[in-house]
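Asks: For chain A, the structure is supplied; the task is to place chain B on it using the hints.
Line order of the protein sequences matches chains A and B.
In short: position in the first sequence from 1, add 167, done, that's my numbering.
In short: position in the second sequence from 1, add 167, done, that's my numbering.
In short, the hints are calculated from the structure, not lab data.
A quick note: this is a predicted structure, and the numbers were derived from the prediction, not measured.
Be careful, since some hints might not be right.
Since copy identity is lost for identical chains, a pair holds within one copy or between any two.
Below, a list of computed lysine to any residue pairs in the SDA-like style, where the Cα atoms sit at most 25 Å apart [what the hints assert, rightly or not]:
no. : residue 1 : residue 2
1   : 216       : 232
2   : 212       : 195
3   : 212       : 253
4   : 277       : 175
5   : 277       : 202
6   : 216       : 194
Number of protein chains: 2
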Amino acid sequence: MTDGPTDPEPYYDCHVFCCVNERPDGHPRGSCSKRGSVRLRNYMKARAKELGLGRVRINQSGCLDRCELGPTVVIYPEGVWYHYETRDDVDEILQRHVIDKGRVERLMLKLED
Amino acid sequence: MTDGPTDPEPYYDCHVFCCVNERPDGHPRGSCSKRGSVRLRNYMKARAKELGLGRVRINQSGCLDRCELGPTVVIYPEGVWYHYETRDDVDEILQRHVIDKGRVERLMLKLED
Chain A
168 MTDGPTDPEP YYDCHVFCCV NERPDGHPRG SCSKRGSVRL RNYMKARAKE LGLGRVRINQ
228 SGCLDRCELG PTVVIYPEGV WYHYETRDDV DEILQRHVID KGRVERLMLK LED
Chain B
168 MTDGPTDPEP YYDCHVFCCV NERPDGHPRG SCSKRGSVRL RNYMKARAKE LGLGRVRINQ
228 SGCLDRCELG PTVVIYPEGV WYHYETRDDV DEILQRHVID KGRVERLMLK LED
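Here chain A stands alone, though its shape is the one from the complex:
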């Protein structure tokens, strides 16, 4: 689906949603939060602010339902998903995807994942 003729301009050029869902210990699917997503999201938010990125928003979200691949993040309007584990991963996503408008191929999730 493409934008309809009456859609306003985008409010954010880059809108990042970081799953911070937490399931109880021992849940078979696990959860992004149990895999460290909260600290990763907090770091990403802080770094984006330090970098002075305009029209970029780093949000937490509820369960994105790709738990087994977590921690996961999805970036819109592109709809590109990443798995990330470290601060270096966050830095690379911010620099290469958010700032340079490229992709971090090594962290991207595929549809069939």
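Replies: Same frame as chain A, now just chain B:
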């Protein structure tokens, strides 16, 4: 920005984020949660499930930073924002936007809002 040549197919055709941020009583900006967003989001999620909508996800999110216009919801990949207050609003957004791929003009937020 358009999709790069290596982007996977979208995981969700329609990804809805409902702000459920809650600020303390008396905060000058208010918050979506204080304006009833949690029950609206829960209803939207339940209705989407009842309607059997595939490849549609209704997520809660942290603060979307358009608090004064709340409760707010943003739908990607279109990047269309709505203010909603009632179950009828939710039903209209699900039917007209999510299912029919149209827009609910009366509830849409503009960039300058």
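Asks: Each of the hints needs a verdict: does it hold here or not?
Replies: Evaluation of the provided hints:
1. 216 with 232: Result: close only across copies, 14 Å inter versus 28 Å intra.
2. 212 with 195: between (29 Å within a copy, 23 Å between copies)
3. 212 with 253: Answer is within: at 14 Å inside a copy they meet the 25 Å cutoff, but 32 Å across does not.
4. 277 with 175: between (30 Å within a copy, 6 Å between copies)
5. 277 with 202: Within. Shortest intra-copy distance 20 Å satisfies the 25 Å Cα cut-off; inter-copy 37 Å does not.
6. 216 with 194: between (34 Å within a copy, 23 Å between copies)
Hint compliance for this structure: every hint is met.
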